[in-house]
Each structure stands twice: as structure tokens, then as C-alpha cells.
Amino acid sequence: GESVGLHLPTLSVQEGDNSIINCAYSNSASDYFIWYKQESGKGPQFIIDIRSNMDKRQGQRVTVLLNKTVKHLSLQIAATQPGDSAVYFCAENPYTDKLIFGTGTRLQVFP
Amino acid sequence: KAGVTQTPRYLIKTRGQQVTLSCSPISGHRSVSWYQQTPGQGLQFLFEYFSETQRNKGNFPGRFSGRQFSNSRSEMNVSTLELGDSALYLCASSLGQGARTGELFFGEGSRLTVL
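Just so you know, the protein sequences line up as chains A and B, in that order. Numbered according to the numbering used here, the first sequence terminates at residue 138, and the numbering increases by one at each position without gaps. Numbered according to the numbering used here, the second sequence terminates at residue 893, and the numbering increases by one at each position without gaps.
For the record, the hints were derived by calculation from the structure and aren't laboratory data. The reader is advised that the hints may include incorrect statements.
Unchecked claim - Heads up, simulated SDA-like pairs for lysine to any residue below, C-alpha to C-alpha not over 25 Å straight-line:
| hint | chain 1 | residue 1 | chain 2 | residue 2 |
| --- | --- | --- | --- | --- |
| 1 | B | Lys-791 | A | Asn-80 |
| 2 | A | Lys-69 | B | Gly-836 |
| 3 | A | Lys-98 | B | Thr-783 |
| 4 | A | Lys-98 | B | Pro-786 |
| 5 | B | Lys-791 | B | Asn-849 |
| 6 | A | Lys-98 | B | Arg-845 |
| 7 | A | Lys-83 | A | Gln-72 |
| 8 | A | Lys-98 | B | Leu-861 |
| 9 | A | Lys-98 | B | Ser-843 |
| 10 | A | Lys-69 | B | Thr-783 |
| 11 | A | Lys-69 | B | Gly-794 |
| 12 | A | Lys-98 | A | Asn-80 |
| 13 | A | Lys-83 | A | Gln-103 |
| 14 | A | Lys-69 | B | Leu-861 |
| 15 | A | Lys-83 | B | Asn-837 |
| 16 | B | Lys-835 | B | Val-892 |
| 17 | A | Lys-98 | B | Gly-840 |
| 18 | B | Lys-791 | B | Thr-831 |
| 19 | A | Lys-98 | A | Arg-84 |
| 20 | B | Lys-791 | B | Asn-837 |
| 21 | B | Lys-835 | A | Gln-103 |
| 22 | A | Lys-69 | B | Ser-843 |
| 23 | A | Lys-98 | B | Asn-837 |
| 24 | B | Lys-791 | B | Gly-874 |
| 25 | A | Lys-69 | B | Arg-845 |
To be verified - Only part of the chain A face toward chain B is listed, based on derived beta-carbon distances under 7 Å:
| hint | residue |
| --- | --- |
| 26 | Ser-67 |
| 27 | Lys-69 |
| 28 | Phe-73 |
| 29 | Ala-105 |
| 30 | Ala-106 |
| 31 | Phe-128 |
What the hints assert, rightly or not - A few chain A residues that face chain B, going by a derived Cβ cut-off under 8 Å, partial list only:
| hint | residue |
| --- | --- |
| 32 | Tyr-52 |
| 33 | Pro-121 |
| 34 | Leu-126 |
| 35 | Thr-130 |
| 36 | Gly-131 |
| 37 | Arg-133 |
Please read all numbers here as calculations on a predicted model, not as lab measurements. Backbone N, C-alpha and C define an ideal beta-carbon position, used for all residues, glycine too.
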């Protein structure tokens, strides 16, 4: 499969545990944020988004938290499963109609 | 319905050559964006096309160009290839223009290796 990053930070969790993936964004003008999941050999897949007028948004098994004060974004995955193993990217959108992606975090789920 | 289709999936070129990559968006999607993904630089925005017009451009040299056809299909071209152009090139489509209008659907990418 594709290698999306040789030196990505890695989070290793046990199946069934909750995972928290963090992201620091750079532009204080960004008001729209997205989390993507990229599995080996595939393109990024949309997980969840959040706008800056919100602090928290929940999806199915996932929650995104936004702290604008410290420019921090996190993705929480409940009851992590082997199929969640992938590289996760946060992306910010500072009014420019293009996404600025973070460097990514590799999530490894072990039994 | 079919997802975003990129061709070719893999290709090898030598320095100085040029390459054309193709992207067919999801049916009904009118916006196509291109991204370059490398281990060192991550995912970087190249350009976006909507209704056959380039609407936004990233910070890449003029060797990188693209176009969009009336059926929304898009091509990107890289001329005078350099070793550093080796990357996974990703195409994404969306219904409307711009990243803010909704979800981007990515293809599986075209892996370019420059020797």
C-alpha cells in the first residue's frame, strides 16, 4: 500500500479502548475544520467537520473538539476497532477555499 | 454511484519528461481539486477547478498546470519533471466550489515516481 509518511507520530491503542488524536492548527483566521482518515492505498476519507462557532460535534463513534483559544483540535474515537487503523489528518480552512492539512497521526489498533 | 476515478494509478518517469494525470469526479460534482502528498511535505493543495475555470491555486511552480473539461473531468500536467515531483497526486471532487461548501471526496491517487 501507499506510504503516507515515514515519520508520522503514532498512537497505539488496544481494541475497545478510546482513542484521542490531537492536532494543532496554524491560522487563527481558520473557521472550518475537517478530520480525514487515510487507509493504506486509498485517498483520504471524510470523517467529521466542525465550524468555529462550535466547541464540540459528535458523529457515529467519533467526537471532534475545538479549542480556539489554543488553536487545538482533537478527534476522539470511541471503542476503537481494528478497522480504525489508518493515518488521520486534520485540515483547516482559513477563508481561502483550500484546505491546509496537518502532518497526520498514524493510529495502530492491536488486539 | 462510482467514486472519484484517477488514472493512471502508478507511473514512472525520468527527469525532464512531462506527465498528464486524469481525474473523473463523482457524477454531478462540478468542482475538482488536486493535492500533492509526500512524506516530507504532507498533503499540499495544487489547484481547484470549477465550471472549467481555475478558481484557486496553491504555491507550486508554473510547471504544474491543469484544466477541466465541460463534463467536469480534469487533468493535471507536470512538465520538466524533477526528482522532487515524486509523490502521490490526489484528486478530490465536491458538489460546489471550494472546501467550505461541503465534503471533499478523494480518489485513490496517482503514484508518480521520477527517476
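Pair hint outcome, B:Lys-791 versus B:Asn-837 [Cα-Cα no greater than 25 Å]: holds, 23 Å
Restraint outcome when A:Ser-67 is required to lie within 7 Å of chain B by C-beta distance: violated, 11 Å
A:Lys-69 and B:Ser-843 were given as a pair; does the straight-line alpha-carbon distance stay at or below 25 Å? Holds. A:Lys-69 to B:Ser-843 sits at ~24 Å (cutoff 25 Å).
Tell me if A:Gly-131 is really an interface residue toward chain B, meaning its C-beta lies closer than 8 Å to one of theirs. holds, 7 Å
Compare the distance between the alpha carbons of B:Lys-791 and B:Thr-831 with 25 Å, and conclude whether the hinted pair is satisfied. Violated, at about 28 Å.
Do the numbers back the hint for A:Phe-73, that is, is its least Cβ distance to chain B under 7 Å? holds, 5 Å
Within 25 Å, alpha carbon to alpha carbon, are A:Lys-98 and B:Arg-845? Violated, at roughly 35 Å.
Against chain B, with CB atoms and a cut of 7 Å, does the hint on A:Ala-105 hold up? violated, 22 Å
Need the status of pair A:Lys-98, B:Asn-837: alpha-carbon distance at most 25 Å? holds, 24 Å
Do the numbers back the hint for A:Lys-69, that is, is its least Cβ distance to chain B under 7 Å? With a closest approach of 5 Å, the A:Lys-69 hint holds.
Do the alpha carbons of A:Lys-69 and B:Thr-783 lie within 25 Å of each other, as the hint requires? holds, 12 Å
Does A:Asn-80 sit within 25 Å of B:Lys-791, going by the straight-line distance between their CA atoms? Violated, because 47 Å separates the two Cα atoms, which is more than 25 Å.
In this structure, the hints that do not hold are numbers 1, 3, 4, 5, 6, 8, 9, 11, 15, 17, 18, 21, 24, 26, 29, 30, 32, 33, 37, in rising order.
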